[in-house]
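Guided by the hints, dock chain B onto chain A, whose structure is given.
There are 2 protein chains.
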Amino acid sequence: MAYLNENYFKLKAGYLFPEIARRVATFTSDNKEAAARLIRCGIGDVTEALPAAARTAMKAAVDELGDRTTFRGYGPEQGYSFLREALANEVYAPLGCDIAHDEIFISDGSKCDTGNILDIFGPKNRIAITDPVYPVYVDTNVMCGHTGEADDTGSYGGLVYLPCLPSNGFVPALPLEKVDLIYLCYPNNPTGATATYEQLSAWVHFARENQAIILFDAAYEAYITEPGVPRSIFEIEGARDCAIEFRSFSKHGGFTGVRCAYTVVPKDLMASSADGKRHRVHPLWSRRQSTKFNGVSYPVQRAAQALFSPEGKKEVADLITHYLGNATLLREACLAVDLQVFGGVNAPYIWVKCPDGVKSWDMFDRFLHEANVVITPGAGFGAAGEGYFRISAFNSRANAEETARRIRSMKW
Amino acid sequence: MAYLNENYFKLKAGYLFPEIARRVATFTSDNKEAAARLIRCGIGDVTEALPAAARTAMKAAVDELGDRTTFRGYGPEQGYSFLREALANEVYAPLGCDIAHDEIFISDGSKCDTGNILDIFGPKNRIAITDPVYPVYVDTNVMCGHTGEADDTGSYGGLVYLPCLPSNGFVPALPLEKVDLIYLCYPNNPTGATATYEQLSAWVHFARENQAIILFDAAYEAYITEPGVPRSIFEIEGARDCAIEFRSFSKHGGFTGVRCAYTVVPKDLMASSADGKRHRVHPLWSRRQSTKFNGVSYPVQRAAQALFSPEGKKEVADLITHYLGNATLLREACLAVDLQVFGGVNAPYIWVKCPDGVKSWDMFDRFLHEANVVITPGAGFGAAGEGYFRISAFNSRANAEETARRIRSMKW
Chain A
0 MAYLNENYFK
10 LKAGYLFPEI
20 ARRVATFTSD
30 NKEAAARLIR
40 CGIGDVTEAL
50 PAAARTAMKA
60 AVDELGDRTT
70 FRGYGPEQGY
80 SFLREALANE
90 VYAPLGCDIA
100 HDEIFISDGS
110 KCDTGNILDI
120 FGPKNRIAIT
130 DPVYPVYVDT
140 NVMCGHTGEA
150 DDTGSYGGLV
160 YLPCLPSNGF
170 VPALPLEKVD
180 LIYLCYPNNP
190 TGATATYEQL
200 SAWVHFAREN
210 QAIILFDAAY
220 EAYITEPGVP
230 RSIFEIEGAR
240 DCAIEFRSFS
250 KHGGFTGVRC
260 AYTVVPKDLM
270 ASSADGKRHR
280 VHPLWSRRQS
290 TKFNGVSYPV
300 QRAAQALFSP
310 EGKKEVADLI
320 THYLGNATLL
330 REACLAVDLQ
340 VFGGVNAPYI
350 WVKCPDGVKS
360 WDMFDRFLHE
370 ANVVITPGAG
380 FGAAGEGYFR
390 ISAFNSRANA
400 EETARRIRSM
410 KW
Chain B
0 MAYLNENYFK
10 LKAGYLFPEI
20 ARRVATFTSD
30 NKEAAARLIR
40 CGIGDVTEAL
50 PAAARTAMKA
60 AVDELGDRTT
70 FRGYGPEQGY
80 SFLREALANE
90 VYAPLGCDIA
100 HDEIFISDGS
110 KCDTGNILDI
120 FGPKNRIAIT
130 DPVYPVYVDT
140 NVMCGHTGEA
150 DDTGSYGGLV
160 YLPCLPSNGF
170 VPALPLEKVD
180 LIYLCYPNNP
190 TGATATYEQL
200 SAWVHFAREN
210 QAIILFDAAY
220 EAYITEPGVP
230 RSIFEIEGAR
240 DCAIEFRSFS
250 KHGGFTGVRC
260 AYTVVPKDLM
270 ASSADGKRHR
280 VHPLWSRRQS
290 TKFNGVSYPV
300 QRAAQALFSP
310 EGKKEVADLI
320 THYLGNATLL
330 REACLAVDLQ
340 VFGGVNAPYI
350 WVKCPDGVKS
360 WDMFDRFLHE
370 ANVVITPGAG
380 FGAAGEGYFR
390 ISAFNSRANA
400 EETARRIRSM
410 KW
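These protein sequences, in sequence, are chains A and B.
Heads up, the first sequence is in numbering that gives the first Met the number 0, so the first residue is 0 and it goes up one at a time.
Heads up, the second sequence is in numbering that gives the first Met the number 0, so the first residue is 0 and it goes up one at a time.
The following block holds chain A by itself, in its conformation from the complex (with noise of 0.2 Å):
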């Protein structure tokens, strides 16, 4: 008799996006006018065009799959070396990161990463997970059985949850209790905000003296537009010993609908086997990848390479000014009508509190109703997100203008 995996009974009805896409194709389907004029600020979806050089670049590449003497079958599991270095030379040397090309492995989206990544760690480890955070963190724990059941907050046992909140700033406290891994997303989805070197530090003088993890999300890192925020957490001191950071070209250059991503394992991270014993962990994850994933489309990998480019660093920087030309129109609509409002500055992603009493949920309706945009509720990210939502800046300048428009012209 073939037996489930019984975690799975413990999820909540559904992964946040799906249950907005739920409610959304409702109430369209039941109202053609408001159908057409619905703006989707839900889902961190790009929405502009996929940079020329990348696409250049992937068009040769298909190219070159036409010709047998150019022709590339299976690549290396871990990803091609043009890529991993102009990772490592385009993105870690200039921020003074001493990563190696073979400690990043290259993949096809962040979102896998950060939940493969549990199959190398055991089923002993404490895990802390940020509150509010993206679900996919907390879903694939809960999926490996590294939880109890769900309360009536969305909260699952026995996770750690780390409360976000605006009165530490959206980066939270380190825990009393010993923790193993340790989730931390910054530039952060979905609050927008961001860690200081010092907080960063902080955790990773935390993880070392706790021989913890840390799994740093990076992926909106090409938001960063202030200077003195820490862009990799492989800028902090030590962070080669207890850190694996994940990264992804889906909003750097677009990539959502092209598939690509990756994470850096450095050589000198170890973590231990039950009888104490310190092991390495790169070995492990290049074997798990080996074996259950067979590397990125070629062409995909060329057009990653491609936005490293003169002209794909410019392309890439004229998105990122894009999406946040919107967050700023969104930021000013919400502060215009009196809400408190987080975020989108190096972000593209705006937090924003509910009028006092209101359900992050309620305002999801709210919003899809009376303003015919979908935005995300709060408390989809966890129980210290409820009397929040986020408003998501990926969209074009027209449809950020109406946004904008809509949100002063609700009733508040």
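These are calculated hints, taken from the structure and not from any lab test.
Don't take every hint at face value.
[Said to hold, decoys possible] Facing chain A, according to a computed beta carbon distance under 7 Å, are these residues of chain B, among others:
| hint | residue |
| --- | --- |
| 1 | M0 |
| 2 | Y2 |
| 3 | L3 |
| 4 | K58 |
| 5 | G65 |
| 6 | G72 |
| 7 | K110 |
| 8 | G114 |
| 9 | F120 |
| 10 | N124 |
| 11 | D138 |
| 12 | A211 |
| 13 | S272 |
Remember, predicted model here, so these are calculated numbers, not experimental data.
Cβ atoms here follow ideal geometry from the backbone N, Cα and C, with glycine treated the same way.
Quick look at chain B alone, frame taken from chain A:
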């Protein structure tokens, strides 16, 4: 203190193909002349140009991404309807299989899917694996703790091995003990064998009787040339209740570097929770994919769809004819030197018995040193593969002809 998944320490020294790559690299770095003569018939990687239909569609999709009005970001995690529907209509309907488009999940590789599928099954399952077998099935079960340690032959405690030998035509007898998940692959990798309707029907009957699930890998279906050979497990009555099928464009359309595959999970398929209750498997796989995967690159999905256009079908047929032509040459060469040969008729692999008493890694080294040809040692596929080797027909015609010549001129 972060803890590792110690199951990884049970894995043997290297996943088969990296180990082959290591030996080849050592040999060729010592011997430049032989390196220049080297012919690779080891890993089953395609060599011929990607079909023009796929390239044209892929480039057109890249162009779509270059215009914001036709841009696509995140696609459905389960795949675009255009491709799921093409597969239901072009692959399953002609076989008389009742498979709905939303039972077909698009992914970036069957290797990934056959590993990832274990995510949704619990730790209590008893696993049956043919021997020899594609190593990924074994290694992914080791990684998630379904096995004990390996013995000297590389067999893991806790797995139920089903020996596949000439005496049973490489289709295993039904197990005498109860098993819960059963891996079958036909046309078979590595033996090139096929199973008959009667044989698969017996397995489906067994699975239904035991509420077991068959994980059926049909990655080589396109190579079936003989009439009366089943192309899908779903051609067998009752299979919708007890089987998941994995398929890929890798060997079908030459997509090993492009990355696209699909997995069929029928909505009728049920499995148990520990309390004996029965649950549908489909929602769990859908949830797994929604949470841990972000869909296949849009241009790649368009390329896959194009393989079902009239031009695409013609090009795929030509590719298969080409590789099977190589298989014939290689088969005949082995037969000419009085080796015992299997496969190569409905599959791109030839499975050859080593001369009496010769071990398969020794045969690998002999081929490498004497003929400068890379083959795959049978023992890399499991204990029952000892004393055999696999030759891949994925090559240029010139290389296949030269390999055939070298086989004839080796000392046997």
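* Asked: Failing hints, ascending?
  -> Of the numbered hints, all hold.
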